[in-house]
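Colleague: All chains, please: the whole structure from these sequences, using the hints.
Under my numbering, read the sequence shown as residues -9 to 307, first letter to last.
No farther apart than 20 Å at their CA atoms in a straight line, the calculated lysine to aspartate or glutamate pairs in the DMTMM-like style are these:
| hint | residue 1 | residue 2 |
| --- | --- | --- |
| 1 | Lys267 | Asp215 |
| 2 | Lys122 | Asp91 |
| 3 | Lys177 | Glu297 |
| 4 | Lys73 | Glu98 |
| 5 | Lys83 | Asp291 |
Here are the computed distance ranges between Cβ atoms for each label pair:
| hint | residue 1 | residue 2 | range |
| --- | --- | --- | --- |
| 6 | Arg87 | Lys177 | 41 to 49 Å |
| 7 | Lys267 | Lys177 | 15 to 23 Å |
| 8 | Ser264 | Ser216 | 19 to 27 Å |
| 9 | Ala173 | Gln236 | 33 to 41 Å |
| 10 | Pro86 | Thr191 | 28 to 36 Å |
Think of the hints as simulated: they come from the structure by calculation, not from any bench. Being a predicted model, the structure only gives us computed values, none of them experimental. Don't be surprised by glycine CBs; every beta carbon is placed ideally from N, CA and C.
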Amino acid sequence: MTKRSQRRLLGVCAGLALLVASCSSTTPGRSAGADTAATGSFPTSVSASNGTVHIKARPRAIVSLSPTATEMLYAIGAGSQVKAVDKYSDYPKNAPRTTLDDLQPNVEAIVSYRPDLVVVPGDSSGLTGRLKTFGIPVLSLPPATTLADAYEQYDQLGQATGHVQAAEAEAAHVKSQIAQIVAQAPKSNAGQTYYYELDQTYYSVTSSTFIGKLLGLLGLRNIADSAPSVASSGGYPQLSAEFIVQANPDWVFLADTLCCGQSARTVAARPGWSTVKAVQRGQIVALNDDIASRWGPRIVDLLQTVEAALKKHPGGT
-9 MTKRSQRRLL GVCAGLALLV ASCSSTTPGR SAGADTAATG SFPTSVSASN GTVHIKARPR
51 AIVSLSPTAT EMLYAIGAGS QVKAVDKYSD YPKNAPRTTL DDLQPNVEAI VSYRPDLVVV
111 PGDSSGLTGR LKTFGIPVLS LPPATTLADA YEQYDQLGQA TGHVQAAEAE AAHVKSQIAQ
171 IVAQAPKSNA GQTYYYELDQ TYYSVTSSTF IGKLLGLLGL RNIADSAPSV ASSGGYPQLS
231 AEFIVQANPD WVFLADTLCC GQSARTVAAR PGWSTVKAVQ RGQIVALNDD IASRWGPRIV
291 DLLQTVEAAL KKHPGGT
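Modeller: Here's what the structure looks like:
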């Protein structure tokens, strides 16, 4: 896989359970110290995957090394506080994009922006401890494993930035949009099968993953669930062309259009694929790689793209 597709795979490789339950109207659990931050008061403490993060004052210079967190920060109205974002944070377009990379964090470069809050998608590099010596708090928000996790990250970012109410409103809005999409999805497509492609070497996702559960909300069944290698794949098996063709999916969803140049044309040209129902019926859906690998506000866009395709071919015709 290319470095870009490897990064996307890291971003989506998180197991997911009970996603349907998270689509209820229940408000996600609040983080520690949320009561004191109901109106954005400081100091405050936020529970994150790297422990309790203490923030003394409302951040004025945020560095985001997480493309998803960048999208969330702007969605909750904290964009004016963002001083720098990593090189993969390509949305929104006005985000101050840099060459920073959370996979290879350059502490000196990060510190040069004089941040009072750094947001990361994980802390495998020990960035929390390395920045602690400079008095810079680090908020680690890893890939969501449920929709409830994604909603909670809005809450955590809202509390950390002083935009609690806006964060709650944004999470509620996303939740409402997803519920509406699910309700409007054509029931005639329920039970149809799909193949979800991460790259052209046939890495895919199962129904236990974040994206798999999202598509499951629309009533679709995943062919990767019965793949021979699924048990040891962590939800991300590498399939074979033979397996996919034999499974004969009704739909093919391509999450490798940007990284790898895949399209309905390239799929149809693959040896043996002309017999696949998705190819014969024109049911190959091109997705935006980046949107498909994130768990922020644009998961709504992803589901809308799939729903539009389903409505175009109700019942798979």
